[in-house]
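Each chain is listed here by its residues.
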Amino acid sequence: MKVDNSLPLEYSTEENSLKILGFWIFLGAEIMLFATLFAVYFTLENRIGNGPSGAEIFEIAPVLFETFLLLTSSFVIGLGIHAMRLGNKKATMVFFSITLLLGAGFLGFEIYEFVHYVHVGATLQTSAFTAALLTTLGTHGLHVILGLFWGLFILIQINKRGLTPETANKSFIFSLYWHFLDIVWIFIFSFIYLKGMM
Amino acid sequence: MKELFPLKQVMGFVFSLVLTAVALLVHFMDMSFAIGITVLLITAFMQAGLQLVVFMHAGETGDKKSIYTNVFYGLLIALITIFGTLLILVWDM
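Protein chains in written order, with the working numbering: chain U, 89 to 286; chain R, 110 to 202.
It is worth saying that the hints were derived from the structure and are not from the lab. It cannot be assumed that every hint is accurate.
[What the hints assert, rightly or not] If you want the footprint, here are the derived chain U segments under chain R, 3+ residues with CB under 8 Å: (1) 104–111; (2) 172–182; (3) 266–273; (4) 279–285.
[Unchecked claim] Derived lysine-lysine pairs resembling DSS-like cross-links, with alpha carbons at most 25 Å apart: (5) R/Lys117 to U/Lys258; (6) R/Lys174 to R/Lys117; (7) U/Lys258 to U/Lys248; (8) R/Lys117 to R/Lys173; (9) U/Lys258 to U/Lys178; (10) U/Lys258 to U/Lys107; (11) U/Lys107 to R/Lys174; (12) U/Lys177 to R/Lys111; (13) U/Lys107 to U/Lys248; (14) U/Lys248 to U/Lys178; (15) R/Lys173 to U/Lys107; (16) U/Lys107 to U/Lys177; (17) U/Lys177 to R/Lys117; (18) U/Lys177 to U/Lys248; (19) R/Lys117 to U/Lys178; (20) U/Lys178 to R/Lys111; (21) U/Lys258 to R/Lys174; (22) U/Lys258 to R/Lys173; (23) U/Lys258 to U/Lys177.
Given the structure is predicted, the values throughout are model-derived calculations rather than measurements. Glycine is no exception: its CB is placed at the ideal position from the N, C-alpha and C atoms.
Okay, chain U solo, but in the shape it has when bound:
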């Protein structure tokens, strides 16, 4: 295995660079996945039938907490990658742990939100609007849940093996995934919640 020391650890072998590029291509496909969900949502957002409308059920406070938690977690995992490039294993693990805790906090608020929706009579079966809304939010939420487990396993690996070209590569790819989820959330925040409450 040829290791190029002029590059960051996560890029240091050809296989590593290719894995990162491959993950970017996967993210391209994820952009398209969420685009179809947004297309469905924008088409159906006014088809509320006998159910509530967005303006009636959206609450600004939990949405703000969710946004702040996810934005901060995205920043903190960026610091984690920076620490990883400095070769600081302990700081990397601390930042990754904080990221996952913030992610879990986000999920807590999202679960509260879903319970609230069901409580006020906005379930998956209520109307075309609620179905599109909960599918879009749920798909993002599922990605976050997956990310939490993925991140946890990476933490365990860093702890066991240290910062090697392999674990660094996995961590970097995970950070790309996490930032991507933040980007998707920004669009949900802007074009589902804020637009819905306008």
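With chain U's structure known, arrange chain R on it following the hints.
Here is chain R on its own, set in the frame of chain U:
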């Protein structure tokens, strides 16, 4: 300790908080739909760009060209999907 908090990323975070605050004005101020949606479009795409460049290190390595080509292709398909759907099913053109 200080070396763990690079200025570029701290500034990126501050800027993303500012953009979020600006987007929130749409909720707390009385704006017309056209102005509100314009503000949201600008802040959301700026946030996305910020994440891409500052936090995802998109333009820093040799595969920069492939990464940007891939992201813009994904974005193009996304916009065609969304606006194509809106054109046919909502705006009825």
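Hints, verified against the model:
For the segment 104–111 of chain U, the proposed coverage by chain R is satisfied: 3 residues have a C-beta within less than 8 Å of a C-beta in that chain, meeting the threshold of three. For the segment 172–182 of chain U, the proposed coverage by chain R is satisfied: 3 residues have a C-beta within less than 8 Å of a C-beta in that chain, meeting the threshold of three. With 4 residues carrying a beta carbon less than 8 Å from a beta carbon of chain R, the segment 266–273 of chain U meets the three-residue requirement, and the given coverage holds. For the segment 279–285 of chain U, the proposed coverage by chain R is satisfied: 4 residues have a C-beta within less than 8 Å of a C-beta in that chain, meeting the threshold of three.
Under the criterion of a C-alpha separation no larger than 25 Å, the hint pairing lysine 117 of chain R with lysine 258 of chain U is consistent with the structure, at around 23 Å. About 22 Å separates the Cα atoms of lysine 174 of chain R and lysine 117 of chain R, which keeps this hinted pair within 25 Å; it holds. Among the hinted pairs, lysine 258 of chain U with lysine 248 of chain U is consistent with the structure: their alpha-carbon atoms are about 14 Å apart, no more than 25 Å. Taking the CA atoms of lysine 117 of chain R and lysine 173 of chain R, the gap is about 19 Å. The hint holds against a cut of 25 Å.
Of the pairs offered as hints, the one joining lysine 258 of chain U and lysine 178 of chain U holds, with about 17 Å between alpha carbons and a cut-off of 25 Å not exceeded. This hinted pair checks out: lysine 258 of chain U and lysine 107 of chain U have alpha carbons roughly 9 Å apart, not beyond 25 Å. For the proposed pair lysine 107 of chain U and lysine 174 of chain R, the alpha carbon gap of about 16 Å is at most 25 Å, so the pair holds. With a C-alpha separation of about 16 Å, the suggested pairing of lysine 177 of chain U with lysine 111 of chain R holds against the 25 Å cut-off.
Between lysine 107 of chain U and lysine 248 of chain U, the direct Cα distance comes to roughly 22 Å. Compliance with the 25 Å bound is thereby established for this hinted pair. Distance check on the hinted pair: lysine 248 of chain U and lysine 178 of chain U sit about 12 Å apart at the alpha-carbon level, within 25 Å; holds. Restraint check: the Cα-Cα separation between lysine 173 of chain R and lysine 107 of chain U comes to about 14 Å, which is no more than 25 Å; the hinted pair holds. Our distance criterion of 25 Å between C-alpha atoms is met by lysine 107 of chain U and lysine 177 of chain U, whose separation comes to about 22 Å.
With a C-alpha separation of about 21 Å, the suggested pair lysine 177 of chain U and lysine 117 of chain R falls inside the 25 Å cut-off, and the hint holds. Distance hint between lysine 177 of chain U and lysine 248 of chain U is fulfilled; the C-alpha atoms sit about 11 Å from each other, no more than 25 Å. Under the criterion of a C-alpha separation no larger than 25 Å, the hint pairing lysine 117 of chain R with lysine 178 of chain U is consistent with the structure, at around 22 Å. About 15 Å separates the Cα atoms of lysine 178 of chain U and lysine 111 of chain R, which keeps this hinted pair within 25 Å; it holds.
The suggested pairing of lysine 258 of chain U with lysine 174 of chain R holds, with an alpha-carbon distance near 22 Å, which does not exceed 25 Å. At roughly 19 Å between alpha-carbon atoms, lysine 258 of chain U and lysine 173 of chain R fall within 25 Å of each other, so this suggested pair holds. Restraint check: the Cα-Cα separation between lysine 258 of chain U and lysine 177 of chain U comes to about 14 Å, which is no more than 25 Å; the hinted pair holds.
Violated hints for the displayed structure: none, as all numbered hints are satisfied.
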